[in-house]
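There are 2 protein chains.
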Amino acid sequence: MALDRLKSVAHHVTGTGPLPHPFDPLTNAEIETAVQIVRGEHGQVHYNAITLKEPAKKEMLKWLENPARPRPTRIADVVLVAPGGKVIEGWVDLKTGKITKWISLDGVQPLITMEDLQIVEHIVRKDPKVIEQCVISGIPAEDMHKVYCDPWTIGYDHRFGNNVRLQQALMYYRPHVDDSQYSFPLDFCPIFDAGKQEIIHIDIPEIRRPVSKAKPNNYHVDSIEKEGGYRTDIKPINITQPEGVSFKVEGRVLDWQNWKVHVGFNYKEGIVLNNITFNDKGTVRPVFYRLSLAEMVVPYGNPEHPHQRKHAFDLGEYGGGYMTNSLSLGCDCKGAIHYMDAAFVNRAGDSTTIKNAICIHEEDAGILFKHTDFRDESVIVTRGRKLIISQIFTAANYEYCIYWVFHQDGTVQLEIKLTGILNTYAMNPGEDTKGWGTEVYPGVNAHNHQHLFCLRIDPNIDGSNNTVVQVDATPGEGEVGSKENPFGNAFYAKRTPYRTVKEATSDYNGATSRTWDMCNMNKLNPHSHKPVSYKLVSREVPGLLPKEGSLVWKRAGFARHAVHVTKYDDEQLYPAGRHVPQTSGEPSRGIPEWIENGDASIDNTDVVLWHTFGITHFPAPEDFPVMPAEPMTLLLRPRNFFAKNPVLDVPPSYCSTPSQIASKSKVLNAADKISQLVVSSGDAECCKK
Amino acid sequence: MALDRLKSVAHHVTGTGPLPHPFDPLTNAEIETAVQIVRGEHGQVHYNAITLKEPAKKEMLKWLENPARPRPTRIADVVLVAPGGKVIEGWVDLKTGKITKWISLDGVQPLITMEDLQIVEHIVRKDPKVIEQCVISGIPAEDMHKVYCDPWTIGYDHRFGNNVRLQQALMYYRPHVDDSQYSFPLDFCPIFDAGKQEIIHIDIPEIRRPVSKAKPNNYHVDSIEKEGGYRTDIKPINITQPEGVSFKVEGRVLDWQNWKVHVGFNYKEGIVLNNITFNDKGTVRPVFYRLSLAEMVVPYGNPEHPHQRKHAFDLGEYGGGYMTNSLSLGCDCKGAIHYMDAAFVNRAGDSTTIKNAICIHEEDAGILFKHTDFRDESVIVTRGRKLIISQIFTAANYEYCIYWVFHQDGTVQLEIKLTGILNTYAMNPGEDTKGWGTEVYPGVNAHNHQHLFCLRIDPNIDGSNNTVVQVDATPGEGEVGSKENPFGNAFYAKRTPYRTVKEATSDYNGATSRTWDMCNMNKLNPHSHKPVSYKLVSREVPGLLPKEGSLVWKRAGFARHAVHVTKYDDEQLYPAGRHVPQTSGEPSRGIPEWIENGDASIDNTDVVLWHTFGITHFPAPEDFPVMPAEPMTLLLRPRNFFAKNPVLDVPPSYCSTPSQIASKSKVLNAADKISQLVVSSGDAECCKK
Ligand SMILES: [Co+2]
Ligand SMILES: [Co+2]
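For the record, the sequence lines run as chains A and B.
Position 296, counted from 1, in the first sequence is what UniProt numbering calls 296; the numbers after and before it change by one each time, with no gaps.
Position 267, counted from 1, in the second sequence is what UniProt numbering calls 267; the numbers after and before it change by one each time, with no gaps.
Excised from the complex, chain A in its bound form (with noise of 0.2 Å):
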């Protein structure tokens, strides 16, 4: 039966009638067939997730190097809620229609879906202690459709547990239904049971704090328009592509100068970009196996109870697939744009779709490369481009968009821009914050936070046995005199190569530009004879502020260090667990477990490398009531990976040779003949070739 209907629907959603890559996230029909095989054996449940249980990577691996052989079996990874509040994970076979793992789990919640979300406020509103509280805060019983929450998982609260399914309702008033709720934050905080649909307690600060009286603090069009309107000034940048885009798409599997990668999705980390090639003159080359942000935690640095319960794990609390926004053309997206659909389940086991979840597109990179001979002015100038891959998704109050950059130069670079609105607090007119947040409007407390991500690589350089070298700009040996370092000019790269787990665990020193290299040792480049090996730079390397014991450190293995290297296994993939609400983090979840043989040995094989970046964030009233785009970013860098500059064969805009010069003959003139002079007449402006 199972099979039947897969072989049907195959041909329906790939259109052209292959097979899924055994990379490609579930379709619909896929989820919809598993979903049909688990209600046949088990009836009635509520699905958390439906997702691919990605292969193997030994049976991968092996596929890869011959898609002649068969083709790994696709599975679905089930986690859901049976009757009664037990959370079962399961496994699907699709090809077979067997259920291979059925695991009932216990003091384990999973992830929060936004079906769980949506319902917290409808229930707030009409829970008599919360209306009994919203009175003390100055809002009228009669008033309760104007209140609003924001279901948070509770993290973690000792009082409570994990056995049942709890969120914090952080609590806020709408003046007006259009009106910001983020300037009217409520001090006090509702708990929620899910088992039993209803608030089972409510944390009450000390100090009362009732709700602000301020004017409301909008961005919406009404809003504007009432404090001077839009500016009139901007005038319209188009980007075209007339004769079409430059890469190539087949499946899930783009194809753009040189490389080759196949994009991935899942309700969890969002856009897993697998299998990333590189043609190196005909050779095609493997980079990375994977490449995927694997968690990311959010933690509030105010002291007062309950706020250390806010550090969001927004992938593996909420996750970054279901939260992902449908993104727009022409608004999230401009120029030609090529999307991909997300599909999921939802609690009934009806699959859904969000359309439109990733994006790619090309982008104008500036000078790729630039010389001028200052002798005889002959000159190269090459213009550059990328290609981005891209999601945006909203975590309850903040937006992250996420990008993954392709670079011809071989560099994968990840930016992530920070936007959305700041969580906020109450506060009393003329309370001191204490430092712990700022007063970003009247009433209204923003709290010092982190936002801490952790990216997954699994390398390939050049095949699966890699090494991680820590790398830090070093002064030579001896001071200025001495025989080795005469004028003391001397500095070098110093390389630690780490052999084992514990060796790898490591923090940012900005002191010495640390980076990191992930080397494959058995290949030297033909020049420098250096291993082959890609760059991790990156800057934006806080640690993790809060103490070591407290809740956050606890649950939050990952965010102890700037890396962690582990040996690959394929159970490895979310480094704070793979269910992450209401862990107590005793014991720490994750990486922690994965590294505690210390002595384990990583080096010369399959590693994968953990990476905790991000930025401490003070909030300022610039901030608030949206926040402009913060970005930051890091790279993934080839270093002896080329023999040389594996851009020379992109074409120049501009190439003149000496002898041209010398000569006066024809040198190559590819300028863009569309780029034009602006022309100043009077006070308008306009353009010209």
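Hints in this document: simulated from the structure, not taken from any laboratory.
Incorrect hints may have been included.
[Unchecked claim] Straight-line distance between alpha carbons at most 27 Å, and here's what the computed DSSO-like set of lysine-lysine pairs gives:
(1) A/K62 / A/K523
(2) B/K523 / A/K434
(3) B/K248 / A/K673
(4) A/K386 / B/K146
(5) A/K260 / A/K386
(6) A/K644 / B/K434
(7) A/K260 / A/K523
(8) A/K260 / B/K235
(9) A/K673 / B/K673
(10) A/K644 / B/K146
(11) A/K101 / A/K62
(12) B/K98 / B/K58
(13) A/K95 / A/K57
(14) B/K644 / B/K386
(15) B/K523 / B/K57
(16) B/K235 / A/K666
(17) A/K281 / B/K235
(18) B/K434 / A/K226
(19) B/K434 / A/K494
(20) B/K226 / B/K215
All figures in this text were calculated on a predicted structure; none of them were measured in a lab.
Following the hints, put chain B with the ligands in place on chain A, whose structure we already have.
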């Protein structure tokens, strides 16, 4: 006489007749006038530089406040070499035609001009001792036309001191005139005496390294064609502004998105931005009085003699303006472009012009801000724009692309791209680089080096009286369980105001994500009650790796620390001194002189912040034979400067409110209608709405 000429040229030059803005660089006519005046009194001399002597700040601030006041006088700042080699500094008052300063300097060498550089190669080729060394290197004496040199200032060599004007000739060979010489470095280093116009010495290493026999390694069209040709799969991206640009230019004052900035230019610093203000809802608020790259140094890390002399001060020794490229439409610059030219004097006293020295254009900047309400999908998406003022200069082998980027949200970004060619040195087959460099091609040793820039920030945060505050992200006091930090999650921004010059001499701290706020302590943000400020966010901040007491440490005193703060002084513009070539560093010029009195107050007064940043470059083969551009960036961000997000009035692409969604009423949809979906048809990709 001078007056008459000035009057007549003023009309010619400015067209509509107004006098130059006091910040405007000298025009060609003004330069010619200055020469005429000097010539009248002193006869024929060799001109090194004629540039605007910028008005005294005190006077200028008065004029800016009330432009009806008398305009500050135009003064030409002249550096010249009188017959006999005497270096003269003079001021020529262009209004009165009087020479108001005329000082003869001893033991000082003004910067090396392009004309100074050009001559060395010709003399090197004819020098018998150089020919002898070439023959030893394997180059026949009849092939001296294939020998090239990049003349560098000598830096400082104690054997020769600084009374004789010297250059060191870094030697190369070209098998063919179009071959890149950097693949064929020679191992000896002639020293050129500009007074005698001859080679006075040759530094010859103990170990000889004959010229490489490797085949040429080029990037020009012929060589790429021979190696398989150019890639053909890059489809054009067109960027147009059919309704014109969003900025206005009046003289050299740009007006864009609430910003106003005067764009200056001089032979040393290149672009200088003056009197930067932001119109905050009708109030024009000063932000920076002056921004420029004031100096840089590129120390090389090979300890062997004479490589310790390789530490170019590209601005102070050669001039970021003198070396600037004439930019080209559709090559260097894409879109709708406004250019500005640069005027200089040549050695003979003629005025010269570099056309298109400065490129000014707008770019789309992606998402400016976005938020979606997860309850009801009400959303706002606003796209951003940036204004870029850029130049590119060629420092012998290297290219530096400088982008001053203005953002709508009040952020000023400095982005620098490094491209061009590595400085290279000869190595024998099988020779060990000992970690001081990388063999990037057979026989080519590219030495480790740093690119350290010194950004001069003259803040004017709501007025001249500013204070610099060091900000460190810091965990709260007390461990987990303590009274003040019971949950261990507390953290805050530790603020250390710099009261004295000594306190302000500070390094970067990656562990605390250190930033520096330029504050006006006399004005508090209405909401946060914190001082209005601009924050320097800079993450590429390596320390100076050469040791204390080394030549570069002595000469480049500015590079010893990431930040220095000095009290404003009209005469303090150049952090390594005004005349950099051949300074011995004894005493250290520039900042070390200015901070001698460590107790001098910099508290709530007119201050200048000097910031040294950059990268440490360990070369790799992918950087050769020409480097893909490596980017580097820093931000100046408004913090507690605005009462709220200053870009709320930028027209959104899309905006819907909860009530509009509930009532299904019309929402704002201003999506760019030019963007298109990619449509795939077979292996061709094209675009469609
Ligand atoms: Co934040
Ligand atoms: Co470099």
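Status of the hints after comparison with the structure:
1. The straight-line distance between the Cα atoms of A/K62 and A/K523 is roughly 21 Å, inside the 27 Å bound, and the hint therefore holds.
2. The straight-line distance between the Cα atoms of B/K523 and A/K434 is roughly 20 Å, inside the 27 Å bound, and the hint therefore holds.
3. The suggested pairing of B/K248 with A/K673 holds, with an alpha-carbon distance near 24 Å, which does not exceed 27 Å.
4. Between A/K386 and B/K146 the alpha-carbon distance is near 39 Å, which puts this suggested pair outside the 27 Å criterion.
5. Taken as a hint, the A/K260 and A/K386 pair is honoured in the structure, with Cα atoms around 14 Å apart against an allowance of 27 Å.
6. Restraint check for A/K644 and B/K434: the C-alpha separation of about 21 Å stays at or below 27 Å, so the hint holds.
7. A threshold of 27 Å between alpha carbons decides the hint, and for A/K260 with A/K523 the separation of about 22 Å falls inside it, so the pair holds.
8. With a C-alpha separation of about 18 Å, the suggested pair A/K260 and B/K235 falls inside the 27 Å cut-off, and the hint holds.
9. Pair hint A/K673 plus B/K673 holds up; C-alpha atoms about 23 Å apart against a cutoff of 27 Å.
10. A distance of roughly 24 Å separates the Cα atoms of A/K644 and B/K146; the hinted pair therefore holds under the 27 Å criterion.
11. Taken as a hint, the A/K101 and A/K62 pair is honoured in the structure, with Cα atoms around 24 Å apart against an allowance of 27 Å.
12. Of the pairs offered as hints, the one joining B/K98 and B/K58 holds, with about 23 Å between alpha carbons and a cut-off of 27 Å not exceeded.
13. Distance restraint check for A/K95 and A/K57: the Cα-Cα separation of roughly 19 Å lies within the 27 Å cut-off, and the hinted pair is therefore satisfied.
14. A distance of roughly 20 Å separates the Cα atoms of B/K644 and B/K386; the hinted pair therefore holds under the 27 Å criterion.
15. A hinted pair counts as satisfied when its Cα atoms are at most 27 Å apart, and B/K523 with B/K57 qualifies at roughly 22 Å.
16. As the CA atoms of B/K235 and A/K666 are separated by approximately 24 Å, the hinted pair is consistent with the 27 Å bound.
17. Restraint check for A/K281 and B/K235: the C-alpha separation of about 20 Å stays at or below 27 Å, so the hint holds.
18. The hinted pair formed by B/K434 and A/K226 fails the criterion: a straight-line CA distance of about 69 Å is larger than 27 Å.
19. Between B/K434 and A/K494 the alpha-carbon distance is near 12 Å, which keeps this suggested pair within the 27 Å criterion.
20. Between B/K226 and B/K215 the alpha-carbon distance is near 13 Å, which keeps this suggested pair within the 27 Å criterion.
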